[in-house]
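Position chain B against the provided structure of chain A, taking the given hints into account.
As given, the protein sequences belong to chains A and B, one line each in that order. Sequential numbering of the first sequence, starting at 1, is according to the working numbering. Sequential numbering of the second sequence, starting at 1, is according to the working numbering.
Mixed in with the good hints there might be a few duds.
Copies of the same chain are indistinguishable here, so a pair counts whether it falls within one copy or spans any two.
Below, computed lysine-lysine pairings styled on DSS-like, alpha-carbon distance capped at 27 Å [claimed, not checked]: (1) Lys-266 - Lys-22; (2) Lys-51 - Lys-8; (3) Lys-175 - Lys-263; (4) Lys-263 - Lys-29; (5) Lys-29 - Lys-266; (6) Lys-29 - Lys-385; (7) Lys-233 - Lys-263; (8) Lys-51 - Lys-266; (9) Lys-233 - Lys-29.
Because the hints were derived from the structure by calculation, they are not lab data.
The residues making up each chain are set out below.
2 protein chains.
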Amino acid sequence: MSTLEAWKNMREVCIVGIGMHKFGRWPDKSPGDLVREAALAAFEDAGCTFKDIEVGFSGRVQSVTGTGQYVFGELGQSGILIDNVEKACASASTAIRVATWVVGAGLYDVALCTGVEKMQRGLLGAPMSEASASYSQLMGLGIMPGEYAMRARRHMSEYGSTREMYAQVAVKSHKNGALNPYAQYQTPVTLEEVLNARMIADPLTLYQCSPSSDGAAATVICAREVAHRFRGKPITIAGWGSGTPSYSPVGIGGDVAEGFIAKVSKEAYERAGVGPEDVNVCQVHDAFSAGEVFAVEELGFCPTGEGGQFIWEGRADIGGDKPVNTDGGLESRGHPMGATGIAQAIEIVHQLRGDAGPRQVPGNPTVGLQHNVGVGGCNILIYKK
Amino acid sequence: MSTLEAWKNMREVCIVGIGMHKFGRWPDKSPGDLVREAALAAFEDAGCTFKDIEVGFSGRVQSVTGTGQYVFGELGQSGILIDNVEKACASASTAIRVATWVVGAGLYDVALCTGVEKMQRGLLGAPMSEASASYSQLMGLGIMPGEYAMRARRHMSEYGSTREMYAQVAVKSHKNGALNPYAQYQTPVTLEEVLNARMIADPLTLYQCSPSSDGAAATVICAREVAHRFRGKPITIAGWGSGTPSYSPVGIGGDVAEGFIAKVSKEAYERAGVGPEDVNVCQVHDAFSAGEVFAVEELGFCPTGEGGQFIWEGRADIGGDKPVNTDGGLESRGHPMGATGIAQAIEIVHQLRGDAGPRQVPGNPTVGLQHNVGVGGCNILIYKK
Numbered sequence: 001m002s003t004l005e006a007w008k009n010m011r012e013v014c015i016v017g018i019g020m021h022k023f024g025r026w027p028d029k030s031p032g033d034l035v036r037e038a039a040l041a042a043f044e045d046a047g048c049t050f051k052d053i054e055v056g057f058s059g060r061v062q063s064v065t066g067t068g069q070y071v072f073g074e075l076g077q078s079g080i081l082i083d084n085v086e087k088a089c090a091s092a093s094t095a096i097r098v099a100t101w102v103v104g105a106g107l108y109d110v111a112l113c114t115g116v117e118k119m120q121r122g123l124l125g126a127p128m129s130e131a132s133a134s135y136s137q138l139m140g141l142g143i144m145p146g147e148y149a150m151r152a153r154r155h156m157s158e159y160g161s162t163r164e165m166y167a168q169v170a171v172k173s174h175k176n177g178a179l180n181p182y183a184q185y186q187t188p189v190t191l192e193e194v195l196n197a198r199m200i201a202d203p204l205t206l207y208q209c210s211p212s213s214d215g216a217a218a219t220v221i222c223a224r225e226v227a228h229r230f231r232g233k234p235i236t237i238a239g240w241g242s243g244t245p246s247y248s249p250v251g252i253g254g255d256v257a258e259g260f261i262a263k264v265s266k267e268a269y270e271r272a273g274v275g276p277e278d279v280n281v282c283q284v285h286d287a288f289s290a291g292e293v294f295a296v297e298e299l300g301f302c303p304t305g306e307g308g309q310f311i312w313e314g315r316a317d318i319g320g321d322k323p324v325n326t327d328g329g330l331e332s333r334g335h336p337m338g339a340t341g342i343a344q345a346i347e348i349v350h351q352l353r354g355d356a357g358p359r360q361v362p363g364n365p366t367v368g369l370q371h372n373v374g375v376g377g378c379n380i381l382i383y384k385k
Numbered sequence: 001m002s003t004l005e006a007w008k009n010m011r012e013v014c015i016v017g018i019g020m021h022k023f024g025r026w027p028d029k030s031p032g033d034l035v036r037e038a039a040l041a042a043f044e045d046a047g048c049t050f051k052d053i054e055v056g057f058s059g060r061v062q063s064v065t066g067t068g069q070y071v072f073g074e075l076g077q078s079g080i081l082i083d084n085v086e087k088a089c090a091s092a093s094t095a096i097r098v099a100t101w102v103v104g105a106g107l108y109d110v111a112l113c114t115g116v117e118k119m120q121r122g123l124l125g126a127p128m129s130e131a132s133a134s135y136s137q138l139m140g141l142g143i144m145p146g147e148y149a150m151r152a153r154r155h156m157s158e159y160g161s162t163r164e165m166y167a168q169v170a171v172k173s174h175k176n177g178a179l180n181p182y183a184q185y186q187t188p189v190t191l192e193e194v195l196n197a198r199m200i201a202d203p204l205t206l207y208q209c210s211p212s213s214d215g216a217a218a219t220v221i222c223a224r225e226v227a228h229r230f231r232g233k234p235i236t237i238a239g240w241g242s243g244t245p246s247y248s249p250v251g252i253g254g255d256v257a258e259g260f261i262a263k264v265s266k267e268a269y270e271r272a273g274v275g276p277e278d279v280n281v282c283q284v285h286d287a288f289s290a291g292e293v294f295a296v297e298e299l300g301f302c303p304t305g306e307g308g309q310f311i312w313e314g315r316a317d318i319g320g321d322k323p324v325n326t327d328g329g330l331e332s333r334g335h336p337m338g339a340t341g342i343a344q345a346i347e348i349v350h351q352l353r354g355d356a357g358p359r360q361v362p363g364n365p366t367v368g369l370q371h372n373v374g375v376g377g378c379n380i381l382i383y384k385k
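Bound-form chain A, shown alone:
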């Protein structure tokens, strides 16, 4: 039996509850405080309590040991299995993926996934991982804005994309984020403001970089066959793909390795039985605006080299044919590393339920795709109504 057949033989798994703590700066709150608010919101959404939860997966990056045990302890004392998973900025979507595995296999019926981070300031200029600290940093690489900027520059040279196109990603993100009460930044910016902002790594200015953020997100996941226990419409986790890009002594390439998103998305599309043409709404990992350009190409929404034009023409707008980062994305919603992957999933659930309010994608979207990446690798998850 192939791995694809094995996946198709597993139980259908779905999301039945979602909750967030607003992203931003929360100096007076502990990670436990942030997760508690997100998880209780997810329970309220699902119409359940912690007693309904059979297993838990906790995502966090800058962690002391036992984060999951601590934050779940704040919710209740039930003795369930709680594992911490870490995949850098893709930690929270890893929690969803592992929960999907165990619920799909029938080992548990109901899981809680949480993601949380309280980020130190200035982190994105610091070595992100043991690998970059060991090699890349020594060679002046391994710093995130620089890696994105280098690929962006090459893209400009090879395909004629422009700094205005990258800047337009940030304009769109902040426009969408202004409609999201959980976003860290809720103020629109103009193209001129983005272009004239402080340069971080040419061609990427301040508004094109995700901020340091605090925040938490939580989701209740269950087998489709027990979803009737919960209120609301279940959203199915239809497919997943995951991998870790080639490690290289010059730049770990975790976020920006060329062709890698395409490779992983192929896995996810196959498992979900859909193609790029079927995706109605998409959340991508725009840690830096250029990342969205690379993603829309590699996910198959447009030909290679045309990602900048795709954004520029408004095709990724909420009213476009392939809306991307409808919640403001990492740049405007914020990017508390260990929580981002669940925040992305939550936005897709809102869109597929049709309750995204002023951010709602028109036309009854039925398929959503999430792209969450970090130096730990890339997770792609596909959801169906």
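For chain B alone, coordinates are given in the frame of chain A:
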């Protein structure tokens, strides 16, 4: 379908390769150096290369992000999925359990699990987790030796166990460790030496406390149906249990919560279809000697209150009827936190294969049990020849 039926419907999963880096102090080596040696030894043992590995799980506690990606990158650049898992001192057995899930579900055929740690000195006197830092420490609790010592004292009061019985655990551990070339400490100690050593937390003296250690361990895990690709006799992962003990503001209770090992082992016994009477060899989490006394009781090897006597009478010796910690355990083999759970599994594989040399348990052992615990919870894994 119950979770037990679901487990029984999954594919049989087994260990086909094992490798370690000697535990000890390795100031000149990086975690990548340590894992590379352990993993290459596991490949040699299995008769395979990194190209045969389809998915990886990396355990580590005191981690920067991306440990798994980094250490796997040292082995080869293949783009496979690599997840980091963290469950405090039970991190490495968590890697084995998660690998067992995905291989058992048919999603992958061959996995590599690694565990590594380079520990700072004096760690065990420091706050171990966010929970203990937040609550227990403020109340003077949450420090590991103290928590074990308190339960040991209560056990002495309730059941009449003696300080000599606890000390005998350390005598046995160091006797076994002296037979293990991968052990951090390979020198036997006498009962008098243990009793007269520096007091750490009454009644536990220095020799009854696991050391701070550096080290790595690795194991190749595959579906039984593809085990023919590898050389050597596969050892089946027959059952598992896992949970997180009740969180309490006075002592997180992760290691020493009473009744918790019994609860989790019941799950593991059920999944494996065996009982305590069937276990021929056992590795328990003797972070402190008293832990072995609690474990042999809760695992069902002897009645409650008689664990000290059980050890004292030599029943847990290599020649006894229920050999425990044949490799020296945490106290003598060492306890690099993120690696311990795989080191325990490796010793069981040696014993069930019958190649444990001078440590070999006589009488052709066929069932082994591993008990690995931390503030993150408890994993129990049962192996069959």
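Right, here's what the structure says about each hint:
Proximity of Lys-266 to Lys-22 under the C-alpha cut-off of 27 Å is found in neither arrangement, the shortest distances being 33 Å within a copy and 41 Å between copies. Within a single copy, Lys-51 and Lys-8 get their C-alpha atoms only as close as 30 Å, which misses the 27 Å cut-off; across copies the closest is 26 Å, which meets it. Neither within a single protomer nor between protomers do Lys-175 and Lys-263 lie at most 27 Å apart by alpha-carbon distance, with minima of 31 Å and 52 Å respectively. With identical chains, the CA atoms of Lys-263 and Lys-29 are never at most 27 Å apart, being 39 Å at best within one copy and 34 Å at best between copies.
With identical chains, the CA atoms of Lys-29 and Lys-266 are never at most 27 Å apart, being 40 Å at best within one copy and 38 Å at best between copies. When the C-alpha separation of Lys-29 and Lys-385 is checked against a cutoff of 27 Å, the pair qualifies neither within a copy, at 35 Å, nor between copies, at 50 Å. Neither within a single protomer nor between protomers do Lys-233 and Lys-263 lie at most 27 Å apart by alpha-carbon distance, with minima of 31 Å and 35 Å respectively. In the homo-oligomer, the alpha carbons of Lys-51 and Lys-266 lie at most 27 Å apart only across protomers (21 Å), although the nearest pairing inside one protomer, at 38 Å, exceeds that limit.
With identical chains, the CA atoms of Lys-233 and Lys-29 are never at most 27 Å apart, being 32 Å at best within one copy and 53 Å at best between copies.
Hints 1, 3, 4, 5, 6, 7, 9 from the earlier list are contradicted by this structure; the remaining hints agree with it.
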